[in-house]
Each structure stands twice: as C-alpha cells, then as structure tokens.
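Asker: The chain contents come next:
Protein chains: 2
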Amino acid sequence: MLEAIFAPRSVAVVGASPDPAKLGHRILKNILDAGYSGRIFPIHPRATQILNLPAYPSVEQVPEPIDLAVVVVPAAVTLEVAEACGKRGVRGLVVISAGFKEIGPEGRVLEERLLEITRRYNMRMIGPNCLGVIDTTTRLNASFAALYPHAGQIAFMSQSGALCTAILDWSRVQGIGFSRFVSLGNKADVDEVTLLQAWGCDKVHNRVILAYLEGIGNGDEFVAVARQVTKHIPVIAIKSGATQAGARAASSHTGALAGAEHAYEAAFDQCGVLRARSMQELFDFALAFAYQPLIPGDRLAIVTNAGGPGIIATDAAVHCGLRLAELAPATIAALRAALPSAASVYNPIDIIGDARADRYRVALRAALDDPNVDAVLVLFTPQAGSEPEETARVIVELSAGSPKPVATSFMGAASIGEALRTLNDHKIPNYPFPERAVAALGAMVAQRRWVDRPPGEYVHFDVDRERVRALFARVRSEGRVELGELEARQVIEAYGMRLPRSLLAQSPEEAAEIAAHLGFPVVMKISSPDILHKSDIGGVKLGIRDPDEARDAYELIEYRARKYSREARIWGVLVQEQVRKGREVLVGVSRDPQFGPLIAFGLSGIYVEALKDVAFRLAPVSRQEAAEQVRSIRAFPILRGVRGEPPADIATAEEIILRVAQLVTDFPEIVEMDINPLVVYNQGEGAIVLDARIILRG
Amino acid sequence: MLEAIFAPRSVAVVGASPDPAKLGHRILKNILDAGYSGRIFPIHPRATQILNLPAYPSVEQVPEPIDLAVVVVPAAVTLEVAEACGKRGVRGLVVISAGFKEIGPEGRVLEERLLEITRRYNMRMIGPNCLGVIDTTTRLNASFAALYPHAGQIAFMSQSGALCTAILDWSRVQGIGFSRFVSLGNKADVDEVTLLQAWGCDKVHNRVILAYLEGIGNGDEFVAVARQVTKHIPVIAIKSGATQAGARAASSHTGALAGAEHAYEAAFDQCGVLRARSMQELFDFALAFAYQPLIPGDRLAIVTNAGGPGIIATDAAVHCGLRLAELAPATIAALRAALPSAASVYNPIDIIGDARADRYRVALRAALDDPNVDAVLVLFTPQAGSEPEETARVIVELSAGSPKPVATSFMGAASIGEALRTLNDHKIPNYPFPERAVAALGAMVAQRRWVDRPPGEYVHFDVDRERVRALFARVRSEGRVELGELEARQVIEAYGMRLPRSLLAQSPEEAAEIAAHLGFPVVMKISSPDILHKSDIGGVKLGIRDPDEARDAYELIEYRARKYSREARIWGVLVQEQVRKGREVLVGVSRDPQFGPLIAFGLSGIYVEALKDVAFRLAPVSRQEAAEQVRSIRAFPILRGVRGEPPADIATAEEIILRVAQLVTDFPEIVEMDINPLVVYNQGEGAIVLDARIILRG
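So the sequence lines, in the order shown, correspond to chains C and U. Residue numbering for the first sequence follows numbering that gives the first Met the number 0, starting at 0 and increasing by one per position. Residue numbering for the second sequence follows numbering that gives the first Met the number 0, starting at 0 and increasing by one per position.
The hints are simulated quantities; they were obtained by calculation from the structure and are not laboratory data. Incorrect hints may appear among the rest.
Note that the list lumps identical chains together, so a pair holds whenever it fits in one copy or between two copies.
Distance condition first, Cα-Cα at most 20 Å in a straight line; then the derived SDA-like pairs of lysine to any residue [said to hold, decoys possible]:
| hint | residue 1 | residue 2 |
| --- | --- | --- |
| 1 | K580 | R112 |
| 2 | K28 | E396 |
| 3 | K611 | P636 |
| 4 | K21 | Y147 |
| 5 | K230 | R123 |
| 6 | K540 | E684 |
| 7 | K611 | F635 |
| 8 | K230 | D219 |
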C-alpha cells in the first residue's frame, strides 16, 4: 500500500527550480542528498538542467514512467498538474503547495477539485499544504525539511508541518531515528487511517507508530483500522485541541472538526491507541517501544547506585501501572553473596554509591534472570569511582537478547556523555530522570495488556427490530423527533429490556381498575408527546395506595397538564407498578460527529451528576468493553457493594449497555437516548428500566 | 544565620589527606579549586603540608580562629573531633563521615552523642553522612562533589547525596546555576527547616529554593517557617516516598518516617510550598522562577510561528491554571497592521512559518504591551527562513525590564544551539516542548495566588475549655480512651456546636415522658460507653411517633444491648429530637505523626465513602483555609445547590471545621474524632451535629 508514495521507482518534482531560494529547489536537493536510488525528473517550464539532472517542461515530456510526483507549484496550477500526472500514469502525489482548505471556502473548492482528479486517475495523494514525506528505508526525502533524520524504526505522522521540522531538528541531536516521517497537511486523500493501515503492514521497519493529530476525519474507520494495527505495532497518539480553548485554536488552524474529548478518550481506549499527554511523553514512550522488546508483565525491578532516585522511581512505578517485583529467594541470596553488606538486596536493589560496573553486572544479571521480574530499570548517578561507560557497556551486553525490556536513567550530563551514546547506539532507552523511564515502561504495560486481551466478543441479541423501525417511521411521519414515553417503552421492550408493567388509562375509573390489576402501590404519570419533563409540571405521582387515590391522581394530573399547556396532546395517564428500590444507574447515548454513538454509564442521581462520574464507550461495544465501562466509574464500589451490602446485578447492567449499543447501531437516526434511572437489583435479580427518553435526528 | 557554614572566614578540613584517592583530599582540593577566599587549614596527624597548604595535626594546633570544620574521618573518631572543635571555638561542622543513624541502632547512638557535643558547644552541623555543602556566593565548595556548579540564584537542598551529584552533573551542561547546594545527610542538627529559615533571609541570592525531601522531621515548625518564607521566595519541593511502595523504600533508606500523603499535601498547600511531581518539573519550575519576574496574573499570550505547537500550548495552559489572554482591540489592530494576512492576530498569535525575527519583535512587543496579558510564551520551530539566533536576541531585548515573565519553547536542537545559549545566558527560561514551559508558568500562577493571598485569619471562639478538660480527666481516670455518646455531646456543646436536644431516659416511662417533652417524632439510642457501633446491634430506633412506641423502643433497645453484651455498662437510652433532613457532611480528625491534627471534610454517606472525596487541612486552620477546604471536594456542587436547590449553609460548615480545629489544638490528647453526620441546612439555617465520636491518646 502507498508504495507509489514511499517506495516509488521514480520521482518527478513538479516545480523544481534552479533557484536555491525556492522550495522547489530545496525539495529536489533533498531527494538527491538523501541518496534515493530511483530516477529523478525535475519539471520546470524552461530549465533544461537542474542540479545536474536533465529537466523537462512537463510530466508529459518525461520519457520514462513516473511513480510519484512531488508538486510544488501555486495552488491554482495544481489542478492542471494533477490532471497531467493522472494522464501520464503517475500513481502518487505529494502536494506541498498551500492555498487550499486552510484558507477558506475558495480553497476548499480547489481542494475538492484536486481530490476529484486524483480519484479519477486512481492516484493517492499526501497533502496538500504539507511539508512532504520522508522514508529512510528507501532513502526518499520528498520534503522541504532542512534535515534528514537518522534511520530508525519509529514511524511518525503529524498534522502540523512545523512540528515535523522541530522534531526532526531535535531528533538529530537526540540520536532518535525514524522509518517514515509524514506531514499530513490537509489530509484531502491520504489521512491518518490510510497511513496507519499502510504502516501497520510493515512490522519490520515500523516498531512503533506516532501520530500528532488535531482531529480525526473518519472515526469509525480509524477505530476499525487501529484496532487491528495496535495488536502488532504500538500506536501512540497525541491529540491536541483537547480543551475548549485548544479546540478553538484547532478549528482556526486546519479547519479540523475537533471531536468531543470523551469520544476521543473512548476511541483510543477501545482501539488500543496509547495516548501521550505531552510531546515529551510521545517520544519518551516511542523510544522504549522502538528499542526494547515489549514488557511481558508489570513487575519491575530497579537497580540503583543511589537510594533517593530509587525511591523516586518506586513512587513513579506505582503511579504508572507497574508493580515492584518481589525478588525470588534465589535472587536475593545471589545478591547477598555478591554485594557489600550495606547494599539493599531487595527491590529497589541498591548497590550503593561506590558501585563500579561489576556490581551493576551482578545486580542486572540477577534481576534479568529472576522469573518474578518482567523489566529492569537501571539507575545511575555519577559518584566518585563510578564507571559510566563501562556500566553502559555492561547493560548493553546483558540486555542483548533478553526478552525483558531494560530502560535506564543515567542522571547527569557532563560526565556521562560517552555512556549515553553507547546506550543509544545499542538501543537502550535512556531518560534523564527516573520518572520518565518509569512512565515509558508503564506505557509498555498498557500495550502488553492490550495485546494480551482476547478479541472482543460482540453479542447479537435477538430483538424486534422491525417493530422499532415501524415505530420510528410513524414518529417521523408525525413530524416529531422525540418519542413519547409509551413509544420509548415499546423500543425498550422490543430490545429485550425489562420495564415495570404498566397500562395507559384514559379515565379516572380506568386508572383505578388498572391499578387494582397491577397491584398497589402504583405510580401514575402523564402521557403526552408534548410534555417532556413530567415531574416539573407535577405530572408524576408516586405511592398511590388504593383505587380512590388512583382516581384522584388521574384528575389532578390531567388538570395540571391542561394548565401547563392547552395545546398539548394528552394520551392519558400511565399507571405503572411501583418497583422496589435498587441501585440506580443511567445508560445514555449521544452521537459524536466523528465517532458515532457514544454510550455513557454512571450512577443516577444528583451526587453523581455533581461529581461527573461517567464512563464512555463507543458503539459497537464488546462484552469486555461493557464490563470495563461499568468498572471504570469511580463509584463502582457502590455496585460491587459497600458496608456488607450484596453486589448489584452487574451482569445485567452490562447487558443493558450492550442492548442499547445494538439499538443505536441498528438505528443511526437515534441521536440521543437516556435510560435513567435503570434500577439494578442484587446479583441475579435483574434490572428494570424506570424511564427512557429517545430523540431522533431532526 | 548559618554564616559559619555558608560564609566562614576560615575552614579546617579534618581528615584532609595527601592521597588523591581519599575523600579528604578531594574535599580540600574542591575548596581550593572553587576559589574560596578565606583561610584553609588541612588537619592530618602526620602531614606537614597538603596541596601546598601547611597542615596541622589537630584543630587545637591551628594558630588562627576556625569558623567551619569539614569532618571526614571514621565515624568512631568524629566525637573526639567534634569535642576538639567545640573547645577550639569552631562554630560550624560539616560532617561528611558515614556510619551513623543510617546503619542502625549503634549508629543512632553515635549520632545522638555527636549532636549532644555540637549542642553543648553551640555549633551548627550539616550531616552526618552527607556529600557536603556548596555556596557559590562565597565560592565555598565544602563537598566531595566532582563538579562545582555555575553560580546562579537557585538554592537546592537534598536528602539524597547521590541526587546532588547527578543534578550537579546535569546542571553544568544545562547551564543552570545555583546559589547554595546542600546535601542534608542524616539531618541530625541542620534540617530542611533550618535551611529554609536561613535561605529565606537572603532574597538577593536565593530567588527560588528547591528541596528534595524523603521525610520532614518537625512538621509544625516546617509549616510555620515555610509559611513565612514562601511569601517572598518560592519554595518547590519534591517529596518522595509518597506511595506505599515508595514509603517502604524511604524508611529503609534513611530511616525517615514517611508521613501520610494527605498530611504532606495539606501541609504544602497550607504553607505555600509548590509541589513538583517529578525531578523534571522541579527544575522546569525553578528555571522560570530563577530567571523571570513573578507572573502578575493568569492571562497568557502565546506567540508562535506554527499552529500545531500553539494548540498544544493552549491545551496545556488550561490544564495548568492559566487562561488564554483576550487581546485588547488595540493589540489586535497593531498585529493586523504589521503581520501578513494569513497570520492569526488573536491568541495564540500565529505569525506563521516564514516568520523572521522582525515578526517575532512585532508580536512579542504587542503582547507585552497589552494590559490584558500577564505573561508571554514564545514558541519557535525551525523552518525555512527562520532566524533562531536573531529571534532569541529579540526576545532577550524586549523582555528585559518587563514586569511580565517571558518563557520560550524553541523546539528542535540541531539548528538552534546558539539561540538556546543566548536565551539561557540572558535568563529566558527555555523548554524543549511547549507543555513544559506552560507548566512552569502555571507554577508561577500558583505562587502568585499564594503571595497575593491575605494573611490567614485565625478565629478564636469563646468556648468552655475547662468543662472539656475536666471531662477528659474523668474519662482517663476511668481507664477509657473512647468517649461515650453523652460525653462526646458535652464536648461538642462546650465548643459551641449545635446538637439535637436530647435527654437520657433510664426507664420506659421516663423515655415516654422525655419524648413528649421534646415533641414527637424522636430518635432513641442506647447509651453505653461499651457499645461503639450502636446501629450494628440494633441499638438505634428512628421515627418514634407516640409514648407507646417510646416505651416499646426502650425495652427493645435495652434487651438487644444486654443480648449483645452482659458486661456492657448501660447508662440508659438517649431520647433525642428527630431533626429534619439536610445535606449530610462529615468533619473528622486524625493525628499525623509529623504534622499533628489533620482535619477531614467530605460529604457523609456511602456514595462519598466509596468515592473517597475528602479534603484535608492541618490544624490550626484559618478562615480562608476552611473555606477552601469545603470548596475543594469534588461534590461541592451539592452544597452549593444543584438542580435549583438553594445553597446549603456553607458558612456554618466552615465554622464547625474551625471549632473542631480549635478543639483538637486545645487538646492534643484527641487522636481521633468524627462528627458524622453533620446535617447542614439551607443557607442561614445552621447545621446540627447528629453523631460524634472522640478517642483520646491511649
């Protein structure tokens, strides 16, 4: 996939220039300098030779096949160029030129026409409005970046070109290498999903994929593709525009529609994309994945020549999802035999300040050999007698071939330059402070959990879809978007969820009869498609205990509804069995413009509303995801049972999430839905939907 | 203060050695190399000259006065040396030698004796078991550190010597300078409090104080001293051993008693110490404070030549307590006039990719001049045509003398080395990624809020202290530590908190009479000093509606109490007015070994118990602290009123916190106390203590 762009046999630079000040010159020179081995054709209206290569007035004139055209001409000319490329059989375009969607409606039209041409000729396109692409595996530098990165196994895509240049600049000094490096630009054709899919097929060159994203075009597709890729290659994303203020900046920047934060959180979570909270973290994590084997578990051993940093790392480990390994007795014995008596042979293994490389050797070997250890963090502080280089070499030697990752924090700088180079050259990820090393190993644990997770089990419930379809059709035919309570009840029922038994009464006498039939006490509620907040108008009465009360309630409710609105259509009063108490939760749905239906789960009631303790998942939801969702609210202990209470019927709560997810997947016209409250009884006793609200697309 | 240690007129090195492999040699050499201008006396049993200085066999033989003695002899010899120093009139000791508290009980005894000697002769001592001290203002390097730091205005103390060496090593390359640099060692005499007090008096040299702490010896004193110092000099601490696992490592490391995390949080919060979450943050924050004026407010302007980093910084700003400044119309007009049309003249000010230094000049000047802006973050990504060095010089020029801090994130490394040097040389704090710059400015906002905060108002309520004293005496005389409910009620009453009216009944008939007197409904509860969890044994009955029910309840409760325990002393049954409902909170007290009484506040009930939504403050508590405490629980909206509810009587809740704080300060023997629930009524209607539990020291 995308070979025409990353591994073309030949490249034309349309807009190549003999003038060193021009981008078109810089790009041609970059292609030459990086050592690309295919044919290169500069295209320029008049020049016959640029940078010692024969130039051509147009792609039509090029005597040989062209795989890739890098386009760096004024925006207005790009259509013509793309057309010519298409005719000439070009298969890939990298459009550097700006002046498209990012400048407003006019540019947007131009971009759409450009895309239409590439589609027509079956070409793939990066950009427009981008810095270009770099592939160190084919030594192609089709960009105007000032620097060419070291070769390495990190693939990086960025929606910000400037960030690309900054990262390149920085990575040169850090000695960090890349396999592919792409500035996505306006993402008219190739976007994050296309790249993810293409890069996900090449585990050999891409050990980790990084993405700087301001928005995601097609959420569904992103989730579907990422879910596959992340099982084999870790994908780390930094999504900016996460805050309100940030989101404003994002839409003025690339016109990206910034998705709701909750939807992104849920999406990344459900497709195994690791989220970096800062640029620093993005690269810290990348280094660990690019350099070391994936951590087999979460048990960390720490080897240190200083107590303080050992404590710092221990603190950090607990915050980052790692556990301190409990060393095996044999390890402790081996350490005790070999280390001075002042050393600590437990974890953190403190080989104390005067440790030379030999002591690091003993401790690191013991830790790596210990079956209770999944990863080792080696801390080094320069002290009198320390041997930084020799220690680095010992680490390189012992970690080679080990299935357990080793990370280091050689603290300091002045006296450890050579050691740092040795570590980096041999792919030992080093971090200037222990917390950063620990955080990177913590990201590995998250990836390990994702990889080990069994494939999602998607249940399909046997439901009465037709009934809902017909019902929605009727609602729409009446020009409504909100379902009345009776209608919502029918939907809930059709999708197999339990409701309190209830019947509609149309007179006080009928209310009394129904109530007697259902059994007292009952609840009575106004039934009208025009009254949404029934309680607010006094349209709900609880605890009705006998036929007389039922008759009175009917009249009172009807009177209040009339008083509230003369025009409201009143269907009657719903008489409902009064259900016994249980733990009340809510299951809600909203629809994210990028990711589709977002299912919310939380406890019901004002406490939790005030605490905003709600967990989200995107539909479709797997069994496991529903289970995690329920467990990820902070108030979960209340469902599990506190103070000796029996656990709630959590399995049923999960099932309701799955049924709701199926419903909103079956009916994309549902834009909003609330089951609130859902009364969950004790384990084994089920749950009952007390109230539901459904709103269709207008 | 501590002049003998940091600014001695003369220094003796006891244990100086002619052998370059020895620490005693290294220290002497360090003192010489750093350029210390006072007299230096090597002390060695036999040598007559070391490093070209005349040596003496003992301090007694030194012909001139000695201010400071650096001691680097075996632990066993230190007592003798200290004694000799004391006699000789030495005023300060830096004891490098190890072999004290850190090695166990034997060492602890030695350390106590050493301290006793220093106290007797009125000497101050750093250490033992430390790396030494460095003062760049007096060019004193009384340490065995391999490197001498750049001079600067950051004072640093560390409980880990190894961390000191690592930081020194690292700071040399980063170009970060220090005023004082102290390895605290075992803190036998001089500890974090002493240093804080000494350094707090020298604003000129110490613009910011950093501390790496594993434990704090005297919490009260720390809070009292820090509260003063932080008003003038920012203090940033990293406290390790914060997690359970970390705390274990800490106590095995220096024998420091790791305090409860909540107590540290509360202490730092109440005395204005900024807490860094990582080593990286510690120095990131320090740089901003050391280099720039304190931020006047929280409104940030961002100037950038790239959209992506601008969005990243915007996101980060919101997370770090900053607001994006709304630029004044004049600023926007000025920017619009001077910048190209593609630029964004709103905040972030995007001067776009081809910006040279002149455009940075326009934008930075406009931002600094804008009255709506409190600080400016300048982002720079190297792009074609960028002028990193010139841009750095523009920033240096414009920020000079401005009362608003300027921070930068020049991203990259390879092409911006010279610019980074210029920025650092001229005290512009630069960070490799925008998020770190923003976090540092966010720390400044926290410091600004602290500095601007009016002095704490400590209320003293008129209470009946004597009554409580007498009561506690009686409880103790009976060999009890837990107060019975009636006793706890008396304490609550004596400290001016409202209780439901209640009286003790000792027969069914009396219960009926009391209930009639209080007015039905009433609550009845067993009264026994031996039954703590009254509800659990069925010893509480609610909603008693008439005299018959009162009589029945009495008998039932008495029967159950007897069944529960034949031996329990039963005082009778408490008959209490049944109070109306309100919002239920808890006010609790526990006693932290380092910081004393820790007051907890949260909502009552299982929801909040499950959510662990509790805020802590150390007593004494000021009015403002109580107000913040109440507002800092996540569930605060419930007290403020949600869904149209009126607000609760928050002022009374605050007052109860203050009264409880006064109570536990007056009576240090209270080790645990719970007011749970405190029923808080609507604003203006007060609050009532429903149940209280008090436990005294055993």
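Asker: Hints first: check each against the structure and report whether it holds.
Answerer: Going through the hints against the structure:
{"no.": "1", "hint": "K580 / R112", "verdict": "neither (61 Å within a copy, 68 Å between copies)"}
{"no.": "2", "hint": "K28 / E396", "verdict": "neither (40 Å within a copy, 37 Å between copies)"}
{"no.": "3", "hint": "K611 / P636", "verdict": "both (16 Å within a copy, 11 Å between copies)"}
{"no.": "4", "hint": "K21 / Y147", "verdict": "within (18 Å within a copy, 49 Å between copies)"}
{"no.": "5", "hint": "K230 / R123", "verdict": "neither (26 Å within a copy, 61 Å between copies)"}
{"no.": "6", "hint": "K540 / E684", "verdict": "neither (26 Å within a copy, 30 Å between copies)"}
{"no.": "7", "hint": "K611 / F635", "verdict": "both (13 Å within a copy, 12 Å between copies)"}
{"no.": "8", "hint": "K230 / D219", "verdict": "within (17 Å within a copy, 53 Å between copies)"}
Checked against the numbered hints given earlier, this structure breaks hints 1, 2, 5, 6; the rest are met.
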